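S.K.: Single-letter residue listing:
2 protein chains.
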Amino acid sequence: MRGRMFSCGLDAAMNVIGGKWKALILWALHAEPRRFGELRRDLDGISEKMLIQQLREMECDGVVHREVFHQVPPKVEYSLTPLGQSLNAALLPLGLWGDEHLAAIEDKKKQQAAA
Amino acid sequence: MRGRMFSCGLDAAMNVIGGKWKALILWALHAEPRRFGELRRDLDGISEKMLIQQLREMECDGVVHREVFHQVPPKVEYSLTPLGQSLNAALLPLGLWGDEHLAAIEDKKKQQAAA
Numbered sequence: 000m001r002g003r004m005f006s007c008g009l010d011a012a013m014n015v016i017g018g019k020w021k022a023l024i025l026w027a028l029h030a031e032p033r034r035f036g037e038l039r040r041d042l043d044g045i046s047e048k049m050l051i052q053q054l055r056e057m058e059c060d061g062v063v064h065r066e067v068f069h070q071v072p073p074k075v076e077y078s079l080t081p082l083g084q085s086l087n088a089a090l091l092p093l094g095l096w097g098d099e100h101l102a103a104i105e106d107k108k109k110q111q112a113a114a
Numbered sequence: 000m001r002g003r004m005f006s007c008g009l010d011a012a013m014n015v016i017g018g019k020w021k022a023l024i025l026w027a028l029h030a031e032p033r034r035f036g037e038l039r040r041d042l043d044g045i046s047e048k049m050l051i052q053q054l055r056e057m058e059c060d061g062v063v064h065r066e067v068f069h070q071v072p073p074k075v076e077y078s079l080t081p082l083g084q085s086l087n088a089a090l091l092p093l094g095l096w097g098d099e100h101l102a103a104i105e106d107k108k109k110q111q112a113a114a
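If you read the sequences in order, they're chains A and B. Its first residue numbered 0, the first sequence is counted upward by one per residue in numbering that gives the first Met the number 0. Its first residue numbered 0, the second sequence is counted upward by one per residue in numbering that gives the first Met the number 0.
These are calculated hints, taken from the structure and not from any lab test. Hints are supplied without guarantee of correctness; some may be wrong.
Any copy will do: because identical chains look the same in the list, a pair fits if it lies in one copy or spans two.
[Unchecked claim] BS3-like cross-link-like pairs, simulated, lysine-lysine; straight-line CA separation at most 27 Å:
(1) Lys74 / Lys48
(2) Lys107 / Lys48
(3) Lys74 / Lys109
(4) Lys108 / Lys19
(5) Lys19 / Lys109
Computed from a prediction, not measured in an experiment: that's the story for all the values here.
Using the sequences plus the hints, can you model the full thing?
M.R.: What follows is the structure in structure tokens.
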């Protein structure tokens, strides 16, 4: 059954990081584990519901680990698994490309919005 | 106004390649220009309407060039712009990551579907 769900590796990778938020969540977790509230502050504009959903999917995909600390008050931390770390590293060139072309991309989007 | 539309370069890059198809279209164009029908055959499962829409957005974003040859019958070819070529290069590590983990990703997706 291998290889039937996705047409290629890029297809599979895009499925794992699909949507606006997952790549940004991976990036937000790159340096150290983050609590839910910290992640929410890192990700400007994400709703609580959306962040919960994205983290749950990333946990299912094996790229994010959720650790519950049984203390008072209880603490939950999210971190990257080794798979998530390797995915984050693979995303680095894409982030650099975006940094380099940020202004040009924004200009084009504004032209499209105005047209 | 720079830098307000996207939180960072990765956010901007994900906006340009968002969705299931655009990264695959970039990849399909990496070697040589392709006609519409060729692209459609390359991209297993894409509808004509979806391919038209994705190509139009990629043209607006400046990553795909559309060339009309005025001949009989008329011919239209799609190719990567220099910006599209650099984006494609930046996506290469992500494709390799996906190749490496394709089987594991599929297994996880199947577990999720069965759960």
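S.K.: All the hints need checking, so say for each whether the structure fits it.
M.R.: Hint by hint, here is what the structure shows:
1. In the homo-oligomer, the alpha carbons of lysine 74 and lysine 48 lie at most 27 Å apart inside one protomer (19 Å), although the nearest pairing across protomers, at 48 Å, exceeds that limit.
2. Only between protomers do lysine 107 and lysine 48 lie at most 27 Å apart by alpha-carbon distance; the minimum there is 23 Å, versus 31 Å within a single protomer.
3. In this assembly of identical chains, lysine 74 and lysine 109 lie within 27 Å of each other by CA distance neither inside one copy nor across copies; the values are 42 Å within and 31 Å between.
4. Proximity of lysine 108 to lysine 19 under the C-alpha cut-off of 27 Å is found in both arrangements, the shortest distances being 16 Å within a copy and 20 Å between copies.
5. Taking the shortest Cα distances, lysine 19 and lysine 109 sit within 27 Å of each other both inside one copy (18 Å) and across copies (23 Å).
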